[in-house]
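A.B. asks: Residues per chain are reported as follows:
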Amino acid sequence: VQLQESGPGLLKPSETLSLTCSVSGASILGSHWWSWVRQPPGKGLEWIGEIYHGETTNYNPSLKSRVIVSVDKSQNQFSLRLSSVTAADTATYYCARGRYCTSTTCPAHWFDPWGQGILVTVSS
Amino acid sequence: DIQMTQSPSTLSASVGDRVTITCQASQDIANSLNWFQQKSGKAPTLLIFDASNLETGVPSRFSGSGSGTDFTLTISSLQPEDFATYYCQHYSNLLYTFGQGTKLEIK
Chain L
208 VQLQESGPGL
218 LKPSETLSLT
228 CSVSGASILG
238 SHWWSWVRQP
248 PGKGLEWIGE
258 IYHGETTNYN
268 PSLKSRVIVS
278 VDKSQNQFSL
288 RLSSVTAADT
298 ATYYCARGRY
308 CTSTTCPAHW
318 FDPWGQGILV
328 TVSS
Chain A
74 DIQMTQSPST
84 LSASVGDRVT
94 ITCQASQDIA
104 NSLNWFQQKS
114 GKAPTLLIFD
124 ASNLETGVPS
134 RFSGSGSGTD
144 FTLTISSLQP
154 EDFATYYCQH
164 YSNLLYTFGQ
174 GTKLEIK
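Protein sequence lines correspond, in order, to chains L and A.
With the first sequence counted from 1, adding 207 to any position gets you the numbering used here.
With the second sequence counted from 1, adding 73 to any position gets you the numbering used here.
It should be emphasised that the hints constitute simulated quantities derived from the structure, not laboratory data.
Any given hint might turn out to be false.
[Said to hold, decoys possible] Distance condition first, Cα-Cα at most 30 Å in a straight line; then the derived DSSO-like pairs of lysine-lysine:
| id | chain 1 | residue 1 | chain 2 | residue 2 |
| --- | --- | --- | --- | --- |
| 1 | L | Lys250 | L | Lys271 |
| 2 | L | Lys219 | A | Lys115 |
| 3 | L | Lys271 | L | Lys219 |
| 4 | L | Lys250 | A | Lys176 |
[Unchecked claim] Pulled a few chain L residues facing chain A out of the computed Cβ check, cut under 10 Å:
| id | residue |
| --- | --- |
| 5 | Ser242 |
| 6 | Gln246 |
| 7 | Pro247 |
| 8 | Lys250 |
| 9 | Gly251 |
| 10 | Trp254 |
| 11 | Asn267 |
| 12 | Thr299 |
| 13 | Gly305 |
| 14 | Pro314 |
| 15 | Phe318 |
| 16 | Asp319 |
| 17 | Trp321 |
Glycine is no exception: its CB is placed at the ideal position from the N, C-alpha and C atoms.
Given only the sequences and the hints, what does the whole structure look like? Please build it.
C.D. replies: As structure tokens, this is what we get:
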């Protein structure tokens with residue numbers, strides 16, 4: 208399974224960040240959730256949000272009002288939209304395969320694998 | 074929300090040393106704790122899942138232990154490629170949480 212992020216690397220304040228994660232080797236409509244994680248320069252990791260079966264989403268409450276995660280089933284891709292960006296949103300953004308769920312339980316709840324990451328800078 | 078606190082933030086050690094990194098949860102999380110390694114400029118990679126299970130392909134010098142609120146990641150004999158930043162991670166109640174990271178530096 209391989210993941211690859213793509214999208215603009217430079218945004219102005221108030222613009223909307225849009226990134227795409229292309230997945231190969233697995234279907235995004237399978238038994239895993241698919242996530243976005245970010246990391247500001249020199250800082251730690253922050254989970255942004257996830258999507259399952261192309262329709263069910265969960266978001267970090269700290270970003271929920273500005274985030275949308277969606278899928279393109281035909282392309283086996285999932286996407287991130289983060290609105291009204293500021294300099295505080297400058298970070299490397301990673302996509303990752305997240306927790307695995309069966310019909311009754313989710314026995315695995317870690318990220319593996321990850322994409323290589325894409326640096327997004329917000330600056331006027 | 075459950076908070077994850079790692080210590081130390083920075084650790085200086087030499088090749089061959091045995092090192093231990095700790096992660097403390099703000100409440101009982103059973104064994105629901107994972108460890109990642111992140112090398113400079115690279116994405117994190119999974120080392121250990123469910124507190125003590127070594128991911129396939131990870132060298133056996135890495136081990137994890139703990140349950141409840143206190144967890145440890147141990148590297149039995151540091152190798153040059155182990156100098157990196159390490160993160161613990163927990164999932165519950167629709168939220169993934171990471172520790173703040175421990176940077177392992179060469180002494």
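A.B. asks: Check each numbered hint from earlier against the structure, then list the numbers of those it violates in ascending order.
C.D. replies: 7
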